[in-house]
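**Q** Chains as they are written, first to last, in our numbering: chain A, 1 to 225; chain B, 1001 to 1547.
Hint data in this document are derived by calculation from the structure and do not stem from the laboratory.
A couple of the hints might just be wrong.
Said to hold, decoys possible - Pairs of lysine to any residue, SDA-like flavour, derived with a Cα cap of 25 angstroms: (1) Lys107/A with Glu157/A; (2) Lys1388/B with Lys192/A; (3) Lys1388/B with Pro56/A; (4) Lys107/A with Asn58/A; (5) Lys1388/B with Asp114/A; (6) Lys107/A with Ile1405/B; (7) Lys1388/B with Pro132/A; (8) Lys107/A with Pro56/A; (9) Lys1388/B with Lys180/A; (10) Lys1331/B with Val1444/B; (11) Lys137/A with Val110/A; (12) Lys192/A with Pro1427/B; (13) Lys192/A with Thr167/A; (14) Lys137/A with His1462/B; (15) Lys137/A with Leu195/A; (16) Lys137/A with Ile1467/B; (17) Lys107/A with Arg150/A; (18) Lys1388/B with Ala170/A.
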Amino acid sequence: MRVVIGEDLYLLREGLVRLLTAHDFEIAAAVGTAPELTAALVEQRPDVGIVDVRMPPNNTDDGLRAALRARQQVPGLPVLVLSQYVEQLYARELLADQAGGVGYLLKDRVFNDDQFTGAIRTVAAGGTVLDPEVVNKLMIRHSRTEPVARLTAREREVLGLMAEGRTNVAIAQRLFVTEKAVSKHAASIFAKLDLAPSDDDNRRVLAVLAYLESLPGWNPYRDGR
Amino acid sequence: MADARGSGQYEVMLFALVLLLTIVFIASILAWAGNGPARPDGLRGWIRARGPGLLLLPVAMSAAVMAGGAHGLIPAELGIAFLLIVLGPKLAAKLVPFGVFGLAIFGVMLANMYHGGFTNRVQYLFVHAGPGIWGTRPVLAEAVVLFVVGLWLLLRLDARGAGLVRALGARWLGSGRRGVSGAHALLLIPVVGLVMQLLGPGNWFGIQSIDGLDAALIDLAMAMAALVLIFRSRAWAATVAAAGLLVLGTYGWLIAAFWPAVPGFSYAFSDLANSSTPSPLWTDALEGSVLLALGLWLAPRVTRHHLADLPDPELAARARQLAQRVQTLTKTRHEAVDTAAAELRRIERDLHDGAQARLVALGMSLRAAERMFASNPEAALALVTEAKETSSRALADLRDLVRGIYPPVLADRGLADAVRALALDTPLHTELDIDLPGEVERPVGAAVYFAIAEALTNAVRHSGARIVRVHLSHSGPGGPGTGTLRAEVTDDGAGGADPGRGTGLAGVERRLSTFDGILAVSSPPGGPTIVVIEVPCALSSAKTSIY
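Only chain A is shown next, with the shape it has when bound in the complex (with noise of 0.2 angstroms):
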């Protein structure tokens, strides 16, 4: 599986570089400001662009921003956005055009080799992952409003999981239940939110995502940016 990466701390960079070759990833490219990695995301066409959020030239969100402009260029392109902190703002621009492959995810989450590589992999076959950070922002949000609010506990945990782009198997596994028990609250979950039932796992938490940004309140850009 071919990669880009971005990040422009050296240390971070060859960090990354050496776990994913570790891993078996092949690196097309590891690249440390934005301009350089626009070209490389653009040219190489990784099957994932894994890029930091804050890079040079302007030290803001220029990663960020060179990751969204190689997706306009390259519909689709899967992309792996790490950073330092989450923003369900930035969580949103990145989902905004509904093609899939997209994941946000704190840092730290490296540490933790095998979920990072497996988020890296679900991010490639066109998958949506979400950093649990995101998600529990996002759940605190509409905790308050009809009709999240008619969720059990439980129900709102496998959704929050199920925005974190995790398939039926892993909830199952996490939650310690039965698989068909995930199915069950999935099932309710649908219902009492009204979306139609997938078993494409994007679909799902695009589905999910898109009935959270059709509530009231979500959409931030209503004052016509």
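Fit chain B to the known structure of chain A by using the hints.
**A** Okay, now just chain B, sitting in the frame of chain A:
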């Protein structure tokens, strides 16, 4: 009306009128010049508002009496004075000192005409129907009072009058200040001499004649007095000299002009009041000319001197503003320094108790794992796993800390997106209305961001609100580069928030005040709670990517 004037009723009426006018006159000066606060709706407030115009009353009255005698015309003149007061207090204020001056001069002239034998004209002296047992003394006293008041008004008028005097002075004199020396004040000597001749003991006490020696002695005595005055205030001595020169010079010319035309007028400079051998007219004209020339030479210098001391009302107002500003800046600077110091202490404490402590634990775990690596690999592995978690927590601590110092979204995207991100993290139905065509300076942006964050936090915690609206906009009435950033956070909660109680909003307010920003909270019981934040600031052009 001679018979009416002789009656006691008429005297009483005049006396009452003079008394009334004097009271009004003094009251309006006091009210106008007073520094104390006046309630705008009270009598004093009314007088202060109309004060300058009220000063016209004695002027108008005296003018009326002089022009038409103390009868019939008075109500009409009063009406005109009131009309001026009501229509144009400003205009009235500008006319007053000149009117007062004019009356003073006129009073002196009439007094002298009386001593010159024109008793029939003196009945028009101000409001006094004619010389009684006091002779012309009340008239002269009134003239002196008027003269002093006119001078005082000219030089110490408030904004309106001073503005006019200053404007006239500036046109007349040009700018710059020249000093008034003792030499200027010595010009008092001829003035004093002439004044003494005209108004002095000879006239005052009814002495029939003063010969040359007496006059010289009086001149000398008064010059000595003048010198005393000079040592006290050269400027004022010179001022009196200039005014006297102008008045006497004019008087000299008037004598030259009047004498041939008025039968029986035999009074002139070089003569004493009842001299039987008047000098030729040309001496008066010459003397008047010399005095006028001296007066015209001295007056601008004196005026310039006083103008320099005269507070420019605009400058004075500006000085007050600046003083206030310095006070505000001193206060906010202290607060800013205190806040920054407290902030640094908090960061230090957070680092010390958070990330630093965790890193120490991390090192210890790793060292322990290192030691156990050979003997007990399983335990070592568990320690490494623990170390990994500790480092995650250290990162989370640092993340929270950074958010509190300067939120990353704000650094990345600026205020508008930072507020959008804030709204997304708020567990309430949040409506945004953001109209920011550019970016604000970072420190201002951060202060406003934290203010909005605090308002949102309060809405979530205390209000029981369902919906919260955030309105963020910038208005620039002062052209490009200036304007006001305004944020409004409104929730539909229960209201009743006390902005004085929470320390959160107080801190936010202090932080805003560093930028001259304000925070206002309106939270009536039953809601809605509205938090308004306003900071004067400029907008730079919207941030654009360079690639």
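**Q** For the pair supplied as a hint, Lys107/A and Glu157/A, is the alpha-carbon distance within the 25 angstroms limit?
**A** holds (23 angstroms)
**Q** Assess, step by step, whether the Cα of Lys1388/B is no farther than 25 angstroms from the Cα of Asp114/A, and give holds or violated.
**A** holds (14 angstroms)
**Q** When you check the alpha-carbon spacing of Lys1388/B and Lys192/A, does it fall within 25 angstroms?
**A** violated (39 angstroms)
**Q** Are the Cα positions of Lys137/A and Val110/A separated by 25 angstroms at most?
**A** At roughly 21 angstroms apart (the allowed maximum being 25 angstroms), Val110/A and Lys137/A satisfy the hint.
**Q** Taking 25 angstroms as the top limit, are the C-alpha atoms of Lys137/A and Ile1467/B close enough?
**A** holds (18 angstroms)
**Q** Between Lys1388/B and Pro132/A, is the straight-line Cα distance small enough, at 25 angstroms or below?
**A** Satisfied, since the Cα-Cα distance of roughly 18 angstroms is no more than 25 angstroms.
**Q** Hey, Lys107/A versus Ile1405/B, does the alpha-carbon distance stay inside 25 angstroms?
**A** Roughly 20 angstroms separates the two Cα atoms, so the pair holds.
**Q** Does the structure keep Lys137/A and His1462/B at a Cα separation of 25 angstroms or less?
**A** holds (20 angstroms)
**Q** Assess, step by step, whether the Cα of Lys192/A is no farther than 25 angstroms from the Cα of Pro1427/B, and give holds or violated.
**A** holds (20 angstroms)
**Q** Regarding the pair Lys107/A and Arg150/A, is the alpha-carbon distance no greater than 25 angstroms?
**A** violated (33 angstroms)
**Q** Below or equal to 25 angstroms on CA atoms is what counts here, so check Lys137/A against Leu195/A.
**A** Within the cut-off at roughly 21 angstroms; holds.
**Q** Has the given pair, Lys192/A with Thr167/A, been kept, meaning a C-alpha gap of at most 25 angstroms?
**A** Holds, because 20 angstroms separates the two Cα atoms, which is no more than 25 angstroms.
In the structure shown, a violation is registered for the earlier hints numbered 2, 3, 9, 17, in ascending order.
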